[in-house]
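S.K.: One-letter residues, chain by chain:
2 protein chains.
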Amino acid sequence: MIMKIGVVGSGAIGLYVGARLQQAGHEVRFLLRRDYEAIRDSGLRVHSVRGDFHLDLVQGFRRPEEIGPVDLVLVALKTFDSHFLPDLVRPLLSQQTAILTLQNGLGNEELLADAFGPGRVLGGVAIIGANRGEPGVVHHLALGSIRIGEFAAGRSPRCERLAADFSAAGIPCEAVADLRAIRWEKLIWNIPFNGLCTLLNATPGALLAHPPTRALVIELMTEVISGANAQGLAELIPVAEMVAAQLAKTEKHTADYRPSMMVDRIEGRALELESIFRIPLQHAARRGVAMVRVGMLLALLDQGEQGERGGQKPDRPEHR
Amino acid sequence: MIMKIGVVGSGAIGLYVGARLQQAGHEVRFLLRRDYEAIRDSGLRVHSVRGDFHLDLVQGFRRPEEIGPVDLVLVALKTFDSHFLPDLVRPLLSQQTAILTLQNGLGNEELLADAFGPGRVLGGVAIIGANRGEPGVVHHLALGSIRIGEFAAGRSPRCERLAADFSAAGIPCEAVADLRAIRWEKLIWNIPFNGLCTLLNATPGALLAHPPTRALVIELMTEVISGANAQGLAELIPVAEMVAAQLAKTEKHTADYRPSMMVDRIEGRALELESIFRIPLQHAARRGVAMVRVGMLLALLDQGEQGERGGQKPDRPEHR
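The listed protein sequences derive, respectively, from chains A and B. If you read the first sequence in the numbering used here, its first letter stands for residue 1, the second for the next number, and so on. If you read the second sequence in the numbering used here, its first letter stands for residue 1, the second for the next number, and so on.
Because the hints were derived from the structure by calculation, they are not lab data. Be a bit skeptical, because a hint or two may be false.
Stated by the list, open to error - A partial selection of chain A residues facing chain B, derived with a Cβ cut-off under 8 Å:
#	residue
1	169
2	170
3	200
4	208
5	210
6	212
7	213
8	216
9	218
10	222
11	293
12	296
13	299
14	300
Stated by the list, open to error - Quick list of simulated restraints, FRET-style, between CB atoms:
#	chain 1	residue 1	chain 2	residue 2	range
15	A	211	B	269	31 to 41 Å
16	A	211	B	230	23 to 33 Å
17	A	50	B	209	46 to 56 Å
18	B	249	A	249	42 to 52 Å
19	B	256	A	41	43 to 53 Å
20	B	134	A	211	37 to 47 Å
21	A	256	B	201	42 to 52 Å
22	A	53	B	209	42 to 52 Å
23	B	115	A	230	49 to 59 Å
Stated by the list, open to error - Residues of chain B placed beyond 10 Å of chain A at every Cβ, according to the derived structure:
#	residue
24	1
25	26
26	48
27	51
28	65
29	155
30	174
31	202
32	285
33	288
34	299
For glycine and all other residues, C-beta sits at the position ideal for the given N, C-alpha and C.
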């Protein structure tokens, strides 16, 4: 089924997934800021490990009112801007519009459900290594699949259909019954690697090559798994197997990749500390699990934020 | 009693304490590296919160054999160079020579006792905020006292005499019966502030002004006190009172002070991770206390060491 899709948050993930969907024949409308002029003038170039391509005609808009109602809103906004979402998404909704957030961490579906009702909302995690390049260019560097699920847990024909459409568009997509499980599973990677790579300005591969930080990565993963396993997910995550799988996947695919939070800091943006750290810490604490090292990592990253902001960096292209 | 004193390790603490002792009439011989020419040509200038002074004639030497036997060896070498100590100290010893180490952290008296016998060895902690300036200049910025004790615990006339001599020289000095207690007490400050200031390139005052890092400082202090209180010291350290006292003292005296480890990193030297972090962690673990956040801080600092030395850090932001 051809969908009309609105992409809200045209960073690396939004641009890459939207471009694949347009390439597959869907009508995709991007809400753009930084890349508006470049994409209007020259289209969108995708450098991908699965083959480069170029979209000559891309529908880019500056204001959501210009996009109008769509079948699917794809939300890929950085979570430190999530408070803008109600105003950005509202103009894109018809009676039937579904909203799928691929944002990082926890709390994203809740925010959309509060604004627009839980029935519209799906969430997903992107297992995609991508960075933006110069305006009008996105780099897909590694991996490339997504997993999605209904906010109101359980399976749905809508979710299955979306998964099939994504897969057909070259974004291998699995529909899952327990969205919280995949959210927490992604945190097992995101918390140690986004956190430590940002704090230490080192790649995942460098952290894993050095025994003390490799041990720390494992300790952080173990804490996150403890937090996850206290949430009453459908299935308990086996600690040793999950840690081994995450390490192997990282060493194979993303050793030299710069996690999104590291890129955010290098480029002077805010960090997604609320969704990737603070809300998971709260969920764990509510179930009696103290993720001590995760909490320490948050405090260390947060101090850096204070430092950055005290310096009043002028160049914050992502911020409205 | 006028002593002949050999200073081994002429950094900020060695130069400042040695200068005060010479000012008070003792014969002080400094083993110098960086400052040798400057001090030979122009003497030693001390900028001190207790009054500036200048020593025109300073006995500086490049090799310990040129110093010869002394009454007291004052060891203030950075602990990452401690493996040089047996060769540096041996030429300074007569039958009666005492050795007092004011080095940071744990393990310092043990190394000297292994090399020269436990009977010669005293240890102490310097509560002195001092940095080196240009060659031939030392800055005494805050506080200024020391506490010393016998390595073989207990009181001794020798230790009491030394304390009186230091005090008379303008270095208020207390002789204590339990050297391990003052070593651990200093770690309560050194571990959080040397560690976090170095990792985050922030002053103690900046860390205490920001609630998440203030909380982390308190958590780290609490872990160190737990480690200390498991060692069978003469008296248990009361957690709340000690933390409050450390915070108040820091805010009053050393909020803007750069801890020695932070200066070491800024100036490209190695860090005193073994004596300030690794050995205390081992002592705590041996008594069944896991100082989790202290261990994490060590791993993070150690990675920075690797990064500096191994060139594992990505050198430039990614701009394509």
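S.K.: It remains to establish, for every hint, whether it holds in the given structure.
M.R.: Comparing the hints with the structure gives:
1. 169: The hint is violated - residue 169 of chain A has no Cβ within 8 Å of chain B, the shortest such distance being about 25 Å.
2. 170: violated, 22 Å
3. 200: holds, 5 Å
4. 208: violated, 11 Å
5. 210: The hint holds - residue 210 of chain A has a Cβ within 8 Å of chain B, the shortest such distance being about 5 Å.
6. 212: Status holds, d = 4 Å.
7. 213: holds, 5 Å
8. 216: holds, 4 Å
9. 218: Result: violated, 11 Å to nearest chain B Cβ.
10. 222: violated, 12 Å
11. 293: With Cβ-Cβ at 5 Å, under 8 Å, it holds.
12. 296: Holds: closest Cβ of chain B sits about 5 Å from residue 296 of chain A, inside 8 Å.
13. 299: Holds, about 4 Å.
14. 300: Residue 300 of chain A check passes; min Cβ-Cβ to chain B is 7 Å, inside 8 Å.
15. A:211 with B:269: 31 to 41 Å: At 23 Å between Cβs, range violated.
16. A:211 with B:230: 23 to 33 Å: With a Cβ separation near 26 Å, residue 211 of chain A and residue 230 of chain B satisfy 23 to 33 Å, so the hint holds.
17. A:50 with B:209: 46 to 56 Å: Given a distance of about 49 Å, which is inside 46 to 56 Å, the answer is holds.
18. B:249 with A:249: 42 to 52 Å: holds, 48 Å
19. B:256 with A:41: 43 to 53 Å: Holds, at about 51 Å.
20. B:134 with A:211: 37 to 47 Å: Since residue 134 of chain B and residue 211 of chain A have Cβ atoms about 39 Å apart, the given range 37 to 47 Å holds.
21. A:256 with B:201: 42 to 52 Å: violated, 25 Å
22. A:53 with B:209: 42 to 52 Å: holds, 50 Å
23. B:115 with A:230: 49 to 59 Å: holds, 52 Å
24. 1: holds, 48 Å
25. 26: holds, 43 Å
26. 48: It holds; residue 48 of chain B is separated from chain A by about 31 Å at its closest Cβ, greater than 10 Å.
27. 51: Correct as stated: the minimum Cβ-Cβ distance to chain A is 35 Å, above 10 Å.
28. 65: Correct as stated: the minimum Cβ-Cβ distance to chain A is 39 Å, above 10 Å.
29. 155: Fine: 40 Å to the nearest Cβ keeps residue 155 of chain B off the interface.
30. 174: Correct as stated: the minimum Cβ-Cβ distance to chain A is 34 Å, above 10 Å.
31. 202: At roughly 7 Å from the nearest Cβ of chain A, residue 202 of chain B sits no farther out than 10 Å, so the non-interface label is violated.
32. 285: holds, 14 Å
33. 288: It holds; residue 288 of chain B is separated from chain A by about 17 Å at its closest Cβ, greater than 10 Å.
34. 299: Its Cβ does come within 10 Å of chain A, the nearest being 4 Å, so this is violated.
The earlier numbered hints that this structure contradicts are 1, 2, 4, 9, 10, 15, 21, 31, 34.
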